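J.: Knowing the structure of chain S, use the given hints to seat chain B on it.
Here are the chains, one letter per residue:
Protein chains: 2
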Amino acid sequence: MILVCLDFEGVFTSEIWIGVAEKTGIEILKKTTRDEPDYDKLMKWRLGILKENGIGLKEIQEVIGSMGVLDGAKDFIQWLRERSVPIILSDSFYEFAMPLVAQLGYPPMLCNNIEVNGNGELVGYTLRQQDGKKKAVEKFREMGFKIIGVGDSYNDLTFLKEADKGVFFRPPKNIIKEKHGIPITDTYAELKAEIAKGLKELEG
Amino acid sequence: MILVCLDFEGVFTSEIWIGVAEKTGIEILKKTTRDEPDYDKLMKWRLGILKENGIGLKEIQEVIGSMGVLDGAKDFIQWLRERSVPIILSDSFYEFAMPLVAQLGYPPMLCNNIEVNGNGELVGYTLRQQDGKKKAVEKFREMGFKIIGVGDSYNDLTFLKEADKGVFFRPPKNIIKEKHGIPITDTYAELKAEIAKGLKELEG
Numbered sequence: 546m547i548l549v550c551l552d553f554e555g556v557f558t559s560e561i562w563i564g565v566a567e568k569t570g571i572e573i574l575k576k577t578t579r580d581e582p583d584y585d586k587l588m589k590w591r592l593g594i595l596k597e598n599g600i601g602l603k604e605i606q607e608v609i610g611s612m613g614v615l616d617g618a619k620d621f622i623q624w625l626r627e628r629s630v631p632i633i634l635s636d637s638f639y640e641f642a643m644p645l646v647a648q649l650g651y652p653p654m655l656c657n658n659i660e661v662n663g664n665g666e667l668v669g670y671t672l673r674q675q676d677g678k679k680k681a682v683e684k685f686r687e688m689g690f691k692i693i694g695v696g697d698s699y700n701d702l703t704f705l706k707e708a709d710k711g712v713f714f715r716p717p718k719n720i721i722k723e724k725h726g727i728p729i730t731d732t733y734a735e736l737k738a739e740i741a742k743g744l745k746e747l748e749g
Numbered sequence: 546m547i548l549v550c551l552d553f554e555g556v557f558t559s560e561i562w563i564g565v566a567e568k569t570g571i572e573i574l575k576k577t578t579r580d581e582p583d584y585d586k587l588m589k590w591r592l593g594i595l596k597e598n599g600i601g602l603k604e605i606q607e608v609i610g611s612m613g614v615l616d617g618a619k620d621f622i623q624w625l626r627e628r629s630v631p632i633i634l635s636d637s638f639y640e641f642a643m644p645l646v647a648q649l650g651y652p653p654m655l656c657n658n659i660e661v662n663g664n665g666e667l668v669g670y671t672l673r674q675q676d677g678k679k680k681a682v683e684k685f686r687e688m689g690f691k692i693i694g695v696g697d698s699y700n701d702l703t704f705l706k707e708a709d710k711g712v713f714f715r716p717p718k719n720i721i722k723e724k725h726g727i728p729i730t731d732t733y734a735e736l737k738a739e740i741a742k743g744l745k746e747l748e749g
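Protein sequences appear in the order of chains S and B.
So the working numbering is basically just the index in the first sequence, starting at one, shifted up by 545.
So the working numbering is basically just the index in the second sequence, starting at one, shifted up by 545.
Think of the hints as simulated: they come from the structure by calculation, not from any bench.
Quantities reported herein were computed from a predicted structural model and do not represent experimental measurements.
Be careful, since some hints might not be right.
Heads up, the list lumps identical chains together, so a pair's fine if it works in one copy or across two of them.
Simulated crosslink set (BS3-like; lysine-lysine; CA at most 25 Å straight-line) [as the list claims (entries may be wrong)]:
(1) K737 <-> K619
(2) K737 <-> K603
(3) K691 <-> K680
(4) K680 <-> K706
(5) K603 <-> K742
(6) K680 <-> K724
(7) K576 <-> K589
(8) K706 <-> K684
(9) K575 <-> K596
(10) K603 <-> K745
(11) K568 <-> K589
(12) K568 <-> K596
(13) K586 <-> K596
Next up, chain S with everything else stripped away, as it sits in the complex (with noise of 0.2 Å):
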């Protein structure tokens, strides 16, 4: 039996904290890993400024349900469910991917967990495991399943390469360049056919 495993941002949404940045206005937000490598560090700065703009979980829904999905983003998990079964795995936050989530008609996400106190204040938050997309393919590898893997960038080639198929959707430059071995499209139509050609490779 295979299962596909996708990244979420990139593949279904655009980048959250960039979207967060752009309707909020808190154009400061835009910060990444690359200007602050330490995520540890980066996290607790991104919620002490959602708190100085009085941003709880309820707010920072509603601005992350106002993003909407990618064009075609419904159709694409709606094939794939009809085909397989699509699992998310997600370095993001189940609280903030929800609203996304449920416009997808809620595939089954993995992800980590925003700490949320009895006022609704976003005060912390929780990593489930280090690596955790290569980790969860290794371990639905060990449940005997075969994995076809969807990611868009750097962070996503370690689970990528675990996986039985990888597939790259809109990578940056950079990853076309490096040539990994691994298969790139651009269109939902070019990703719909790697993955059938990875169901009939895997199936047979």
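T.: Then chain B, alone, in the frame of chain S:
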């Protein structure tokens, strides 16, 4: 983060082989592992009976689709996916369960495969692994998740005990008598209440 792992037959649908026997009128298909303890022998015999009666993949999917899901099952899965991530663990076959999974809005289902030849005939089956439900719970725990398990019968006992919290839904009388220390529920309202309690306990 918490996943809710649920058995399929008995929790969302009635027993599939019983349904197939009733819908097709082929009464002998009601034979179970109680009558033939060798599962492999039983499955090969079942596939032989289907073949004799001209029932291929298309026909059995129509039959199984027409069984429908249990009253309240669609509301229950929707309630659950708004609160947690449901994952269905089943010893059944994906190709068989598919029409019912579609009726539930495609919750993810981890199970086994039926082998179908080019003519749509059912020619064999593949079990992903022995004791697949319990192994899946083990592996999800190794991914860093806490698990609430929901099942209805003896063969669910090992995975319910492996879970952080187990719940029985409409189990046979013997299980009720034996008192396994696992809460017993009889309606979706009771099941929701136990899951809500478990989510609160495990999040804390």
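J.: Confirm or reject each hint.
T.: Results of checking the hints against the structure:
1. K737 <-> K619: Within. Shortest intra-copy distance 13 Å satisfies the 25 Å Cα cut-off; inter-copy 29 Å does not.
2. K737 <-> K603: between (35 Å within a copy, 24 Å between copies)
3. K691 <-> K680: both (14 Å within a copy, 16 Å between copies)
4. K680 <-> K706: Answer is both; intra-copy 12 Å and inter-copy 24 Å each pass.
5. K603 <-> K742: So K603 and K742 pass the 25 Å test across copies only (23 Å; inside, 42 Å).
6. K680 <-> K724: Within. Shortest intra-copy distance 24 Å satisfies the 25 Å Cα cut-off; inter-copy 37 Å does not.
7. K576 <-> K589: Result: close within a single copy only, 12 Å intra versus 59 Å inter.
8. K706 <-> K684: both (14 Å within a copy, 20 Å between copies)
9. K575 <-> K596: Result: close within a single copy only, 16 Å intra versus 61 Å inter.
10. K603 <-> K745: between (43 Å within a copy, 19 Å between copies)
11. K568 <-> K589: within (20 Å within a copy, 59 Å between copies)
12. K568 <-> K596: So K568 and K596 pass the 25 Å test inside one copy only (16 Å; across, 59 Å).
13. K586 <-> K596: Answer is within: at 15 Å inside a copy they meet the 25 Å cutoff, but 63 Å across does not.
Violated hints are absent here; each numbered hint is respected by the structure.
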